[in-house]
Each structure stands twice: as C-alpha cells, then as structure tokens.
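Line by line, the protein sequences give chains A and B.
Reminder that position 112 of the first sequence reads as 172 in the numbering used here, one-by-one numbering, no gaps.
Reminder that position 48 of the second sequence reads as 108 in the numbering used here, one-by-one numbering, no gaps.
Treat the hints with care, since some could be wrong.
Which copy? The list can't say, so a pair holds if one copy fits it or any two copies do.
[As the list claims (entries may be wrong)] Pairs of lysine to any residue residues, derived as SDA-like cross-links and limited to a Cα-Cα distance of at most 25 Å, are as follows:
no.: 1; residue 1: K121; residue 2: D157
no.: 2; residue 1: K121; residue 2: R151
no.: 3; residue 1: K236; residue 2: A208
no.: 4; residue 1: K121; residue 2: G210
no.: 5; residue 1: K236; residue 2: P118
no.: 6; residue 1: K236; residue 2: G210
no.: 7; residue 1: K236; residue 2: E76
no.: 8; residue 1: K121; residue 2: P211
no.: 9; residue 1: K121; residue 2: S98
no.: 10; residue 1: K121; residue 2: S186
no.: 11; residue 1: K236; residue 2: A273
no.: 12; residue 1: K236; residue 2: S109
no.: 13; residue 1: K236; residue 2: R78
no.: 14; residue 1: K121; residue 2: P147
no.: 15; residue 1: K121; residue 2: E142
no.: 16; residue 1: K121; residue 2: D275
no.: 17; residue 1: K121; residue 2: A273
no.: 18; residue 1: K236; residue 2: R261
no.: 19; residue 1: K236; residue 2: G205
no.: 20; residue 1: K236; residue 2: A266
no.: 21; residue 1: K121; residue 2: V248
no.: 22; residue 1: K121; residue 2: V252
no.: 23; residue 1: K236; residue 2: P150
no.: 24; residue 1: K236; residue 2: Q264
no.: 25; residue 1: K236; residue 2: R193
no.: 26; residue 1: K236; residue 2: L99
Please keep in mind that the hints were generated in silico from the structure rather than gathered at the bench.
Number of protein chains: 2
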Amino acid sequence: MTPSATPAYRRLSVEERRSQLLDAALGLFAHRAPEDVSLDDVAEAAGVSRPLVYRYFPGGKQQLYEAALRSAAEELRQCFDEAREGPLLPRLARALDRYLAFVDEHDTGFGALLQGGSVVETSRTSAIVDGVRRSAAEHIYQHLGITAPGPRLRMTVRMWITAVEAASLIWLDEGKQPPAAELRDWLVEQFVAVLTVTAGRDPQTAELVGTLAGDDRD
Amino acid sequence: MTPSATPAYRRLSVEERRSQLLDAALGLFAHRAPEDVSLDDVAEAAGVSRPLVYRYFPGGKQQLYEAALRSAAEELRQCFDEAREGPLLPRLARALDRYLAFVDEHDTGFGALLQGGSVVETSRTSAIVDGVRRSAAEHIYQHLGITAPGPRLRMTVRMWITAVEAASLIWLDEGKQPPAAELRDWLVEQFVAVLTVTAGRDPQTAELVGTLAGDDRD
C-alpha cells in the first residue's frame with residue numbers, strides 16, 4: 061500500500077502532527093504487539109516521511125510506545141468523565157459504555173497496553189496504567205460522594221476495577237461476546253453485588269448500598 | 061553476615077541441591093524485586109559457593125528467576141488441591157487459606173511473581189503465571205462438578221480469580237489487613253455473589269447456585 065503523499069505536506073502544528081502520529085501508532089497497536097510496531101510502520105500508516113516520525117520520537121520505539129500509552133490513558137480517563145447528576149448506577153453504566161467502546165476500538169492494542177508482558181514494558185509504563193486504574197477508582201468515590209474511602213471499600217472498588225479489566229480482555233478473546241450492552245449491565249450488577257457483600261462487613265459501604273437502593277426506587 | 065561453611069559441604073542429591081537453591085532464591089524474592097537478586101546473593105543465602113550456584117543456573121539470573129517462578133507456581137497449584145468431598149464453600153475456604161498463607165509467606169516476591177513489570181519479565185514467565193490462573197479455574201470447575209463451563213460461567217470464574225489476585229496484592233500493600241481469615245470469608249462471599257449475579261443471565265450458573273444453596277442447608 062503506497063500512502064498518498066498529500067498528508068505529509070499538509071501544514072500541521074506541532075501538536076496536530078504529534079497527535080496524528082500517535083493516532084496512527086494506536087491504530088497499529090490495535091492489531092499488533094507494541095514490539096512489532098516500528099517507527100517506519102507509523103510513518104507509512106500516517107503517510108508521512110520517516111525522518112519526520114524520527115524527529116517527533118527521537119527516543120525511538122520506546123518513546124513512541126510511551127507517548128501512545130499516555131495518549132490512550134488520557135482517552136480512557138475521559139471515558140470516566142460523567143456528570144454528577146441523576147441516579148448512580150446509570151452513570152456507571154454510561155461510563156462503562158464509553159470504556160467498552162474504547163476497548164472495542166483499540167482491540168489487541170488494549171490488551172498490550174494493559175497487560176504489559178511486552179518487551180517495552182518498564183516501570184514507567186506500569187505507572188501510566190496504574191494511574192488509569194487509580195483515576196477510575198477516584199471517579200467512583202467522587203460519584204459515590206465519598207471523600208475518605210475506608211480500606212474495605214477501597215479494596216472492593218479496586219477488586220471490581222481489576223475484574224472489569226479481566227472481563228474486557230476475556231471479552232476481546234471471546235470475539236466480543238456477550239454483546240457490549242449485556243456485558244455492561246452484568247458488570248454494573250457485579251458492582252452492586254460485591255458492594256453488598258462488603259456492606260455486611262463495613263458500615264461505610266453499608267450506608268452506600270442503602271443510597272444505591274434508594275436511587276433505584278426513584 | 062558470613063554464612064556457615066557447613067551446608068556447602070553437606071552431600072545433597074542434585075534435586076535436593078536445586079531445591080535448596082530455589083528455596084533460598086524464593087526467600088530473597090520475598091523481600092526484593094527479582095532484578096535485585098543476584099546469583100551471588102543466592103549463594104550467600106544458601107551458604108554455598110558461588111560456582112556451585114552458577115553450575116546449577118548457567119543461564120544466570122533469568123534462568124534462576126524462571127526456575128523459582130516455576131517452583132512457586134507448583135507450590136501454588138498444590139494450594140488448590142482439595143479433596144472433592146463435603147460442602148463446596150468450605151472446600152473453597154480451605155484452598156483460599158492455603159493460598160493466603162502462600163501470599164503471606166512470599167510477600168513482596170508474590171507481587172513480583174504475579175505482576176510482571178520486572179525487567180526479567182518475558183512471554184515465558186507470563187505463560188507460567190497464566191498457567192497457575194488456568195489451574196485455579198480448572199480446580200474450581202472440577203469441584204463444581206462442571207466439565208464444560210459455558211462462556212458466562214468461565215468469565216465469572218476468571219474475573220473472580222483476578223479479583224482474588226488483586227485482593228492479595230492490596231492485602232500485602234495494606235500490611236496484611238484485614239486478617240487472613242476475614243479476607244478468606246469475604247472472598248468466598250464475593251464468589252457466591254458474583255455467581256448469583258451471573259445466574260440471572262445463564263442457566264448453567266443458575267443450576268450451580270442452586271447446588272451451593274442446597275449445600276448450605278446441609
């Protein structure tokens with residue numbers, strides 16, 4: 061496939077160009093392991109010259125991968141953005157819809173991003189992924205109206221987030237079955253179920269589960 | 061600390077010696093990241109000469125780490141061994157007791173083993189860890205008396221296993237709070253709760269949850 065020469069000569073700002081290259085890289089990561097994506101591949105996919113890609117990512121593959129991961133992490137964080145109004149569970153469902161759309165779009169690359177196990181994995185990339193997990197947990201506490209989550213609630217929320225990640229990877233493995241809408245509802249139900257279990261051991265969570273049940277009656 | 065020379069000259073079989081060195085290595089991994097453990101450290105911890113350790117692990121640090129990981133994986137698999145008699149949930153509780161004792165004993169090393177993110181992480185070590193997860197799932201299906209778990213049951217079991225792993229890592233982070241016995245009961249309750257949620261979407265799981273409830277009445 062010979063890329064059209066036109067995009068290479070369009071005048072883009074530094075930020076636009078960088079973002080174009082990262083989009084191209086994320087597109088490639090969606091179907092190939094990070095270690096199999098070269099800067100040359102990115103140049104070809106973006107339809108730009110190789111030297112241009114090397115100018116933006118002088119640190120090579122590792123720098124490109126980290127930048128793409130940061131960009132994906134930012135996109136993921138945006139999935140969690142949800143207005144703090146209306147019943148809680150539909151808010152969670154909407155955030156999960158956006159999250160699953162992200163997983164769907166990024167496919168194999170999503171697994172590579174999350175799982176590490178790639179040759180370019182470093183403590184820096186792990187920190188980026190952990191940052192997304194922490195951000196997901198923070199969003200949940202904010203929506204739940206909790207400023208100081210106790211250890212049992214925190215453990216429950218973090219376990220559920222990990223379970224959601226596992227579900228996403230299995231979902232990709234299983235040809236995206238069940239349909240995203242069913243998976244979303246199922247994950248919301250699991251959230252309520254594990255909180256309910258914790259409620260039996262933790263007054264803070266018990267109060268929360270009461271609120272969720274009240275919401276439901278609205 | 062000068063190690064006593066005696067153990068170096070005890071006559072051990074090749075298998076005994078190898079196992080002694082792996083025990084020493086696992087002991088070190090319990091408190092240090094794999095990349096910070098050298099073959100020299102293992103020699104010192106085991107009280108043997110350096111050339112002896114190099115003879116057993118000519119592939120160096122990576123070979124030692126993989127061998128230690130395999131040995132830990134084997135130990136973990138043994139945690140899951142549980143007679144197939146009596147009510148199901150107490151069997152799960154006993155397996156979790158052994159698992160949490162393993163986590164407790166191996167501490168930091170457990171995280172390093174599971175999480176990857178270490179410089180010595182390779183697809184081979186990931187495969188060993190995935191093998192343990194698969195083995196845990198197989199044990200669960202066997203105890204549940206299920207030979208052909210459907211996709212929804214499989215996803216539920218795998219999500220729960222991932223959640224248990226996450227809980228173990230958080231548990232280590234939080235100074236092993238709550239106490240292991242409480243964590244164990246909590247994890248069993250979560251298992252029942254997530255299966256119950258799935259039962260609403262999957263006849264195979266619904267039947268299973270019926271069996272668990274029957275068990276409970278015994």
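Do the hints match the structure? See the list:
1. Proximity of K121 to D157 under the C-alpha cut-off of 25 Å is found in neither arrangement, the shortest distances being 32 Å within a copy and 44 Å between copies.
2. Neither within a single protomer nor between protomers do K121 and R151 lie at most 25 Å apart by alpha-carbon distance, with minima of 38 Å and 49 Å respectively.
3. Taking the shortest alpha-carbon separations for K236 and A208, only the inter-copy value of 20 Å comes in at or below 25 Å, while the best intra-copy value is 36 Å.
4. Within a single copy, K121 and G210 get their C-alpha atoms no closer than 41 Å, and across copies no closer than 40 Å, so neither meets the 25 Å cut-off.
5. Proximity of K236 and P118 under a CA criterion of 25 Å is satisfied in neither setting, with 37 Å inside one chain copy and 44 Å between copies.
6. Taking the closest pair of Cα atoms, K236 and G210 come within 25 Å of each other only across two copies (15 Å); inside a single copy the shortest separation is 35 Å, beyond that limit.
7. Taking the shortest alpha-carbon separations for K236 and E76, neither the intra-copy value of 32 Å nor the inter-copy value of 48 Å comes in at or below 25 Å.
8. With identical chains, the CA atoms of K121 and P211 are never at most 25 Å apart, being 39 Å at best within one copy and 37 Å at best between copies.
9. In the homo-oligomer, the alpha carbons of K121 and S98 lie at most 25 Å apart inside one protomer (6 Å), although the nearest pairing across protomers, at 29 Å, exceeds that limit.
10. When the C-alpha separation of K121 and S186 is checked against a cutoff of 25 Å, the pair qualifies both within a copy, at 17 Å, and between copies, at 22 Å.
11. Taking the shortest Cα distances, K236 and A273 never come within 25 Å of each other, neither inside one copy (31 Å) nor across copies (32 Å).
12. In this assembly of identical chains, the alpha carbons of K236 and S109 never lie at most 25 Å apart, being 36 Å within a copy and 54 Å across copies at closest.
13. Taking the shortest Cα distances, K236 and R78 never come within 25 Å of each other, neither inside one copy (31 Å) nor across copies (45 Å).
14. Neither within a single protomer nor between protomers do K121 and P147 lie at most 25 Å apart by alpha-carbon distance, with minima of 44 Å and 54 Å respectively.
15. Taking the shortest alpha-carbon separations for K121 and E142, neither the intra-copy value of 34 Å nor the inter-copy value of 47 Å comes in at or below 25 Å.
16. For the identical chains of this complex, K121 and D275 are neighbours neither inside a copy (48 Å) nor across copies (56 Å), given an alpha-carbon limit of 25 Å.
17. In this assembly of identical chains, the alpha carbons of K121 and A273 never lie at most 25 Å apart, being 49 Å within a copy and 54 Å across copies at closest.
18. Only between protomers do K236 and R261 lie at most 25 Å apart by alpha-carbon distance; the minimum there is 17 Å, versus 35 Å within a single protomer.
19. Neither within a single protomer nor between protomers do K236 and G205 lie at most 25 Å apart by alpha-carbon distance, with minima of 33 Å and 27 Å respectively.
20. For a Cα distance limit of 25 Å, the shortest separation of K236 from A266 across copies, 23 Å, qualifies, whereas the shortest one inside one copy, 34 Å, does not.
21. In this assembly of identical chains, the alpha carbons of K121 and V248 never lie at most 25 Å apart, being 38 Å within a copy and 44 Å across copies at closest.
22. Taking identical chains as interchangeable, the C-alpha atoms of K121 and V252 are never at most 25 Å apart, the minima being 42 Å within one chain and 45 Å between chains.
23. Within a single copy, K236 and P150 get their C-alpha atoms as close as 22 Å, which meets the 25 Å cut-off; across copies the closest is 35 Å, which misses it.
24. Taking the shortest alpha-carbon separations for K236 and Q264, only the inter-copy value of 20 Å comes in at or below 25 Å, while the best intra-copy value is 36 Å.
25. In the homo-oligomer, the alpha carbons of K236 and R193 lie at most 25 Å apart both inside one protomer (22 Å) and across protomers (21 Å), since each shortest distance falls under that limit.
26. Taking the shortest alpha-carbon separations for K236 and L99, neither the intra-copy value of 30 Å nor the inter-copy value of 45 Å comes in at or below 25 Å.
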